[in-house]
Amino acid sequence: AQKITQTQPGMFVQEKEAVTLDCTYDTSDQSYGLFWYKQPSSGEMIFLIYQGSYDEQNATEGRYSLNFQKARKSANLVISASQLGDSAMYFCAMREDYGGSQGNLIFGKGTKLSVKP
Amino acid sequence: SQTIHQWPATLVQPVGSPLSLECTVEGTSNPNLYWYRQAAGRGLQLLFYSVGIGQISSEVPQNLSASRPQDRQFILSSKKLLLSDSGFYLCATRQGFTDTQYFGPGTRLTVL
Chain A
773 AQKITQTQPG MFVQEKEAVT LDCTYDTSDQ SYGLFWYKQP SSGEMIFLIY QGSYDEQNAT
833 EGRYSLNFQK ARKSANLVIS ASQLGDSAMY FCAMREDYGG SQGNLIFGKG TKLSVKP
Chain B
4 SQTIHQWPAT LVQPVGSPLS LECTVEGTSN PNLYWYRQAA GRGLQLLFYS VGIGQISSEV
64 PQNLSASRPQ DRQFILSSKK LLLSDSGFYL CATRQGFTDT QYFGPGTRLT VL
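Residue numbers (the working numbering), protein chains in the order written: chain A, 773 to 889; chain B, 4 to 115.
Read the hints as simulated data drawn from the structure, not as lab findings.
Some hints here could point you the wrong way.
[To be verified] Residues of chain B placed beyond 10 Å of chain A at every Cβ, according to the derived structure:
(1) 6
(2) 16
(3) 17
(4) 48
(5) 57
(6) 81
(7) 83
(8) 89
(9) 103
[Unchecked claim] Label pairs and their computed distance ranges (CB to CB):
(10) A:801 / B:83: 37 to 43 Å
(11) A:886 / B:87: 27 to 33 Å
(12) A:790 / B:20: 45 to 51 Å
(13) B:58 / A:780: 37 to 43 Å
(14) A:775 / B:42: 15 to 21 Å
(15) A:842 / B:73: 39 to 45 Å
Glycine included, each C-beta is placed from N, C-alpha and C at the ideal position.
Extracted from the complex, chain B is given alone in its bound form:
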């Protein structure tokens, strides 16, 4: 089975600073990978998904970007954080014949 790691677990950043969140997956090759954001008390919003190295699709236009430099690594970045970027960021991968998405432990980002 697959294991998803996310780093860091929590992060407090000032407005205007850069951001880099990392997601790595073990136990599979060429996974579909997803970045979601959850604002406080809200549901999940899909930000990006990737079907392979260098292949990124954006669902929501914003100041965030994603990259997939390696098969099992997915990175979420920003050059300048906004207050509205605060939230809980979850990485997910898809597995099984039902294409169920399984999530990593998440990164809680607070922008001050």
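If we strip away everything but chain A, and leave its shape as in the complex, we get:
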């Protein structure tokens, strides 16, 4: 079974508007971490934001915020005031913290975001 599900293969958003990228995860662990990465056409993977499973407040980093709903096992990324440079692939990832996991990440299949001028 997929552990990270990103149901939106592609999304469009108008410049300066906000957009939400969906991510749901599956784990039986109590301790885990959730990450979002951006991959522009150049290919590099850029870390955006992190949410720990025990964090009570939603993480925020500039225009990025993570809408963490633990009971629903969702970790949606919200980008406010979209810019043309936000056009990229976005990946949700999870780190399970059980013993011996070595911090390995499990990635979703990604969402391609296109920002329209």
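Given the structure of chain A, go ahead and fit chain B onto it with the hints provided.
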């Protein structure tokens, strides 16, 4: 902070040829290192990870291998490339109290 270098940036190789991709890390000692592969239009697949010199764990059985000859050097190899080995190869290291993984610039491999 850590810096990850990958070499080469792009590579075109014929089927059956050998492969050697290099990843080096600056600014840290004894890092956890990871090799990922991304097929065209797909997510990332973890191939290997290493917690120290000579310590390699394989996540996916295939014709690739990895080695860690030095503390901050991680090498991905193959004796005979397959068409299915084409993809974007990313090296990563883990840092910070959140164990966030940071990635190098990647190597784009095309096997013809």
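Verification of the supplied hints:
no. : hint                     : result
1   : 6                        : holds, 13 Å
2   : 16                       : holds, 18 Å
3   : 17                       : holds, 23 Å
4   : 48                       : violated, 8 Å
5   : 57                       : holds, 16 Å
6   : 81                       : holds, 21 Å
7   : 83                       : holds, 26 Å
8   : 89                       : holds, 14 Å
9   : 103                      : violated, 6 Å
10  : A:801 / B:83: 37 to 43 Å : holds, 39 Å
11  : A:886 / B:87: 27 to 33 Å : holds, 29 Å
12  : A:790 / B:20: 45 to 51 Å : holds, 48 Å
13  : B:58 / A:780: 37 to 43 Å : holds, 38 Å
14  : A:775 / B:42: 15 to 21 Å : holds, 19 Å
15  : A:842 / B:73: 39 to 45 Å : holds, 41 Å
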